[in-house]
Amino acid sequence: MESLATLAALAAVAVLGMVIYSVARRGAPALSLDLFTKLPGVDPFGRPTGGIENSIVGTVVITGVATAIAVPVGVLVAIYNAEFASPRVADAVRLLLNLLAGVPTIVLGVFMFGLLVIGRGQNAFAGSCGLAMVIVPVIARSTEEVLALVPSSLREGSMALGASRSRTMLTVVLPTAVGGIVTGTIIAVARAAGETAPLLFTTALFASAVSFDPRQALGSLPLVIFFDSEQPSQFAQQQAWAAALVLMVVVLVGAIAGRLLSLRTRRQIEKAR
Amino acid sequence: MTVEAHTESLALARRGRPRFGDLALRVLSGGAVLLVVAAIGLLVEEVVSNAWPSMSKFGPGFLTSTVWNAVTDQFGARYLIEGTLVTSLFALAIAVPTAIAIGLFLSELAPRRLRAPIGLMVELLAAIPSVVLGLWGIIVLGPLLATDVEPWLHRNLGFIPLFSGYPSASGLLSACLVLTIMIVPIVASISRDLFESVPGELKQGALALGATRWEMVRGVAIPQVSAGLVAAVMLGFARAVGEAIAVAQVIGSANRAPSSLFGQGGAMAAWIATQFAGTATSLQRSSLYFLAVILLVISLATNLGAQLIVRRIGRRMGTRA
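Sequences listed follow chains A and B, in order.
Position one of the first sequence corresponds to residue 3 (our numbering), numbered consecutively onward.
Position one of the second sequence corresponds to residue 436 (our numbering), numbered consecutively onward.
Accuracy of the hints is not assured; some may be wrong.
[Said to hold, decoys possible] Away from chain B, derived, C-beta distances all over 10 Å, residues of chain A:
1) ALA14
2) PHE38
3) VAL59
4) VAL67
5) ARG122
6) SER168
7) PRO224
8) PHE237
[Unchecked claim] A short, non-exhaustive set of chain A residues, derived as facing chain B with CB atoms under 8 Å:
9) LEU18
10) GLY104
11) LEU117
12) LEU202
13) MET250
These aren't lab readings, by the way, just hints derived from the structure by calculation.
Cβ coordinates follow ideal geometry from the N, Cα and C atoms, glycine included.
For reference, chain A alone in the conformation it holds in the complex (with noise of 0.2 Å):
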């Protein structure tokens, strides 16, 4: 029995190995710089060509904007429960939080669709705001796990001190789990780049030229994998090696940095007890 688990997490490792190792090996050779800084186009006989730079800037933007409303959300929530709530009243915020990260993207992508896209046209801030759900709660999550690991002797000295509960969570708490907060920021922006389904109906009819104004539809490389991997076309298989490559590589550089990071500054915060 003991070898069977040897062996299932030896599976588990291997599986990883091999779509890491068939998507580099069908992806490098695509990778150029035409790649990220050319547009896609057509040449004289209707053959694909170009490259994928909007849809490069589109996921950067369209990230980064879901970033941008998620972060602020997500920590203030978790400053709420760490700091105001209730146990119960936290507890039915985790409740809620854990739901709404067991939604499955495709529904956020239908809810977005009908809320900021039906009237108005595909926009790239509805597949933000649909990332944005996906975020919300991972952050959220992580930073009350650190705002609970900021020793209580540091906010009891600030208070002592004279300073109010909000000058102690400016001034002292958030800037002692800073670290906590960037890192899980780290892993939930990494996992909201290689969702597909929020954007598939928010932001998919884009057009073939660099933007960064979220109010168009933008490109992304989720969704270039997603079309390129149902073109016949030779050409639009390998750029959808490619961009696999490109956001794997970023996904799991996110991944593993958010993680290994974490680790440092949650030993960090326990030597300050």
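Given the coordinates of chain A, work out where chain B should sit on it, guided by the hints.
This is chain B only, laid out in the frame that chain A set:
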């Protein structure tokens, strides 16, 4: 807590009223909570109201009708519900034993130095974007299934209807395996945490009584955490039911009965992903929202159930300590 209450009452006595900054932070952070509550409320309202035309026209019959026809404007979700259940449950059947075994490996068996790196790798499996996993499913996994795995299954297990039929590169089996890859890390990391939460005295007690490591796991560790494992399985199920993108890429998108795992089929979430952009009638779009309502109900109910189980465990642990 009492210290805080005390300092607060001192502050109140001194200033006579709560400080402005405190009030502002309270209002701001309370507002953020209300925003989350409002977003969830709006989500339910928006999805249900868009589904309403279909819900009022088809009613419960939507769940049992097999027709999905935009020309006659008749829609039913039976095959899609069956497809969702077959793929999710089959994925669970593979993923749950694997994931629990991984959890055991990471908490009990692995050399200490390997625990963190292997644990990280299992978690990274969950971090791979579903669209990348789906692409891998189409181009790498699918052909492998069609040329090797499915013929083998057909030869050896073909007497089971699910395992008979013509091999194909896209279909329910691809979807099952891609979903398995997605659920394993979730269930594995929860079960690792659960096994690590089993008190050391209990484990050592069993070992001291002469139990082997496996007997200790089976007789002490697993019974201790069984409720938590059920919750983990429920979360994995919810994840599988809700996955749209990777399933849409590999399942073949056909409104057909899932009679053979080798064939193409459909599942609710993936069906929304592939059909939503090209709806011909408003009733068709509304019916897709109906599917979203079903998904929402399943995911909320499953997550709520899992949370309640976790809560009960927490309380039990709390009273014992």
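Structure-based check of each hint:
Its closest Cβ contact with chain B, about 5 Å, brings ALA14(A) to no more than 10 Å, contrary to its assignment away from the interface. Non-interface call for PHE38(A) relative to chain B: holds, since the shortest CB-CB distance, roughly 18 Å, exceeds 10 Å. The non-interface label for VAL59(A) is consistent with chain B: the shortest C-beta to C-beta separation is roughly 18 Å, beyond 10 Å. Every Cβ of chain B is farther than 10 Å from the Cβ of VAL67(A); the closest lies at roughly 16 Å, confirming the non-interface assignment.
For ARG122(A), the requirement that its beta carbon stay farther than 10 Å from each beta carbon of chain B is met, with the minimum near 14 Å. Chain B draws SER168(A) into its interface by the beta-carbon criterion, the shortest separation being 4 Å against a cut-off of 10 Å. A beta-carbon of chain B is positioned within 10 Å of the beta-carbon of PRO224(A); the least distance is around 5 Å. The Cβ of PHE237(A) sits about 15 Å from the closest Cβ of chain B, beyond the 10 Å cut-off, so the non-interface label holds.
Against a cut-off of 8 Å between C-beta atoms, the interface hint on LEU18(A) holds, since the closest Cβ of chain B lies about 5 Å away. Taken as an interface hint, GLY104(A) checks out: its beta carbon lies about 4 Å from the nearest beta carbon of chain B, inside 8 Å. Because the closest C-beta pair between LEU117(A) and chain B is about 5 Å apart, less than 8 Å, the hint holds. Checking LEU202(A) against chain B: minimum C-beta separation of about 6 Å stays under 8 Å; hint holds.
Annotation: MET250(A) was flagged as interfacial toward chain B, and the flag holds, the nearest CB pair being 5 Å apart, inside 8 Å.
Violated hints, listed in ascending order, are 1, 6 and 7; each of the other numbered hints is respected by the structure.
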